[in-house]
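Sequences listed follow chains G and W, in order. Numbered according to my numbering, the first sequence terminates at residue 303, and the numbering increases by one at each position without gaps. Numbered according to my numbering, the second sequence terminates at residue 568, and the numbering increases by one at each position without gaps.
Keep in mind that the hints are not guaranteed to be accurate.
[As the list claims (entries may be wrong)] Simulated restraints, written as ranges between beta carbons of each label pair:
#1 G518/W x L46/G: 37 to 45 angstroms
#2 R519/W x G210/G: 54 to 62 angstroms
#3 V250/G x V517/W: 24 to 32 angstroms
#4 A159/G x R519/W: 39 to 47 angstroms
#5 A271/G x L316/W: 54 to 62 angstroms
[To be verified] Some chain G residues close to chain W (C-beta under 10 angstroms, calculated; not the full set):
#6 V56
#7 H66
#8 I109
#9 G120
#10 A126
#11 L143
#12 Y147
#13 W152
#14 L231
#15 E239
#16 L283
[Said to hold, decoys possible] Chain G residues, not near chain W, derived (Cβ > 10 angstroms throughout):
#17 D83
#18 A86
#19 A97
#20 R155
#21 L218
#22 P219
#23 W223
#24 A226
#25 V250
#26 Q253
#27 S254
#28 P270
#29 A272
Read the hints as simulated data drawn from the structure, not as lab findings. It should be emphasised that the depicted structure is a prediction, and the values quoted were computed from it without experimental measurement. For glycine and all other residues, C-beta sits at the position ideal for the given N, C-alpha and C.
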Amino acid sequence: MADTVVVTSAVSGRGGAAAGVRRPAGGARGRAHRGRRTAARRVLRLIAVGYVVALVALPVVTIAWHTFAHGLGPVLDVLGGEDFLAAARLGAFVAVASVVINTVFGVGISILLARYRFPGRRLLNAVIDLPVSVSPVVIGVALVLVYGRTGWLGRGLEAHGVQIVFATPGIVLATVIVALPLVVREVVPVLEEAGIEQDQAAQSLGASAGQRFVRITLPTIRWALAYGVVLSLARSLGEFGAVRVVSGSVAGQSQTPTLFVNDSYAEFGPAAEQAGFTAAFALMLTSVVFIVLIAWLRPKERA
Amino acid sequence: MAFSGRLGAGPALGLGLGVLWLSLVVGLPIAAVVVTAAGGGAAGFADAVTSREALGTIELSVGAALAATVVNMVVGTLVAWVLVRDSFWGKRLLEVVIDVPFALPTIVAGLVLISLYGPQGPFGVNLVGTRQGVFLALLFVTLPFVVRSVQPVLMDMERDVEEAAASLGASGVTTFRRIVLPVIAPAVLSGAALAFARALGEYGSVILISGNLVGRTEVSSAYVLKQIEAGDQAGAAAVATVLLAVAIVVLVLLDVVQRQVARRG
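Excised from the complex, chain G in its bound form (with noise of 0.2 angstroms):
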């Protein structure tokens, strides 16, 4: 089995690609072309993990490092804070909050889609992959036109003391919004693939729709499910640009994890500097476990 090398003739990350590709060994010629190969292999893996690590690694390694610059005493002061643990336990909230919501949504819109024609579902597929695409920002102005104080809905809404924007509801809407897709598109293609045989097997033999789903479809989408779970958790915890726009950001009341590191930040001042990379810390600690979830559930949903 001869492998194949693609040389890319990549100087500082750029030009375009010059392919060698090995020839069976014979002789002087192949042993030069051995060699070659062995090169150029070592160059290629040389740029792919420099750029990765300058891009990713290096930047991770960093905020450890200020976080801890000044010993363990202020970091324990700081997430033991009040503000801290008011920001951590909204932002736990908003998040379970969406993922329930965005779980139950997208469990039945997929079954849907993946099961059913009708008409207007490829606009409906289109809809839903859009929050992927918008800004964030986009999405928190939007929210603002449509619930704020002055906007479409929100006018109504308030007359009936009902306050979404600059409120805990408009930050779950949020949210829920920038995840949407998470948790569809993770489901579709294994129910697409999973066909409906058994479904109308059962079906046939007198199951009732919920026994269906519960002895059929959640076994069949369990692992992708929990993939798009915890997709969908990384990204609700860590949304910034909607939540910013339709939060107030008040600490103690409105201020999400992400947003408590972005008004630290804001501060200035060596107390608020640690805080800020105290819960920038907790907050990647967190995605780094989501990371290793992810990594871990990958093969099992392939298999």
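We have chain G; now place chain W onto it with these hints.
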């Protein structure tokens, strides 16, 4: 693969609820942006979008997003190739690190970049308040898109055609251009389209390192936020509509590419 298409009463009710929910959280808000932008008529919209500040932010956002997308298209393909065809110590770790920009909150990414490439950075390079800083932030957040879309295609690719081409004397360039590239091109393009859309609207990771200097490093999303906070709903909605339109165009292109691949495959 699917039911013949008739919806029973239960599924129809579910569909109705789903559509209602989507209208409330996506449809109506998006409509509000477009209607507010159009509120001042075509002239009002044109004025709002072509004001010197607004136009400057759009130029910067589109330019920086394009540049970051092109770089990550090339390097992302390379990284995907190394991950699929090469094996070395630490490869699994590299796999995990690539997902970091997906999962790391954008504001944390921004803080990280500013502590590395800011005034107190270890390299003595200060990119705060520069367009290079904006570009760097966009490179960071768009890294995984092309890698993750090309990787599965390369994994599934049979190598016998490449081997046949090589044994028939095709040069390396020819083999890559005529055999590998056509197979992975749709994946490269769809990854790049998603990366571009993401970079165009990026806010969190950019805002700290850019310093948000009007006329120099202010990106469109920051401009939209500034206008809405200042109470200029029409101005915010106008630029938001431009961002929205580009996002929709990208999605449509993506759909076309995927449809063609599906037809061919």
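We went through each hint and held it up to the structure:
1. G518/W x L46/G: 37 to 45 angstroms: The hinted range 37 to 45 angstroms holds for G518/W and L46/G, with Cβ atoms some 40 angstroms apart.
2. R519/W x G210/G: 54 to 62 angstroms: Roughly 59 angstroms apart at Cβ, these two residues keep to the hinted range, so it holds.
3. V250/G x V517/W: 24 to 32 angstroms: holds, 27 angstroms
4. A159/G x R519/W: 39 to 47 angstroms: holds, 44 angstroms
5. A271/G x L316/W: 54 to 62 angstroms: Because 55 angstroms falls inside the window, the suggested range holds.
6. V56: For V56/G, the interface hint holds, since the closest Cβ of chain W sits about 5 angstroms away, which is under 10 angstroms.
7. H66: holds, 6 angstroms
8. I109: holds, 5 angstroms
9. G120: holds, 8 angstroms
10. A126: Cβ of A126/G sits 6 angstroms from chain W, so the hint holds.
11. L143: Holds, about 5 angstroms.
12. Y147: With a minimum Cβ separation of about 8 angstroms from chain W (threshold 10 angstroms), the hint on Y147/G holds.
13. W152: holds, 6 angstroms
14. L231: holds, 8 angstroms
15. E239: This hint holds: E239/G lies near chain W, its Cβ roughly 8 angstroms from the closest one there, short of 10 angstroms.
16. L283: holds, 5 angstroms
17. D83: The assertion about D83/G holds, with a minimum of 16 angstroms to chain W.
18. A86: holds, 18 angstroms
19. A97: holds, 13 angstroms
20. R155: Check passes; 13 angstroms lies beyond 10 angstroms.
21. L218: Holds, since 16 angstroms exceeds 10 angstroms.
22. P219: With a cut-off of 10 angstroms, P219/G remains clear of chain W, as the shortest Cβ separation is near 20 angstroms.
23. W223: holds, 16 angstroms
24. A226: holds, 15 angstroms
25. V250: Fine: 15 angstroms to the nearest Cβ keeps V250/G off the interface.
26. Q253: Non-interface label on Q253/G holds, nearest chain W Cβ at 18 angstroms vs cutoff 10 angstroms.
27. S254: Given that every Cβ of chain W is farther than 10 angstroms from that of S254/G, nearest at about 15 angstroms, it holds.
28. P270: It holds; P270/G is separated from chain W by about 12 angstroms at its closest Cβ, greater than 10 angstroms.
29. A272: Holds, since 12 angstroms exceeds 10 angstroms.
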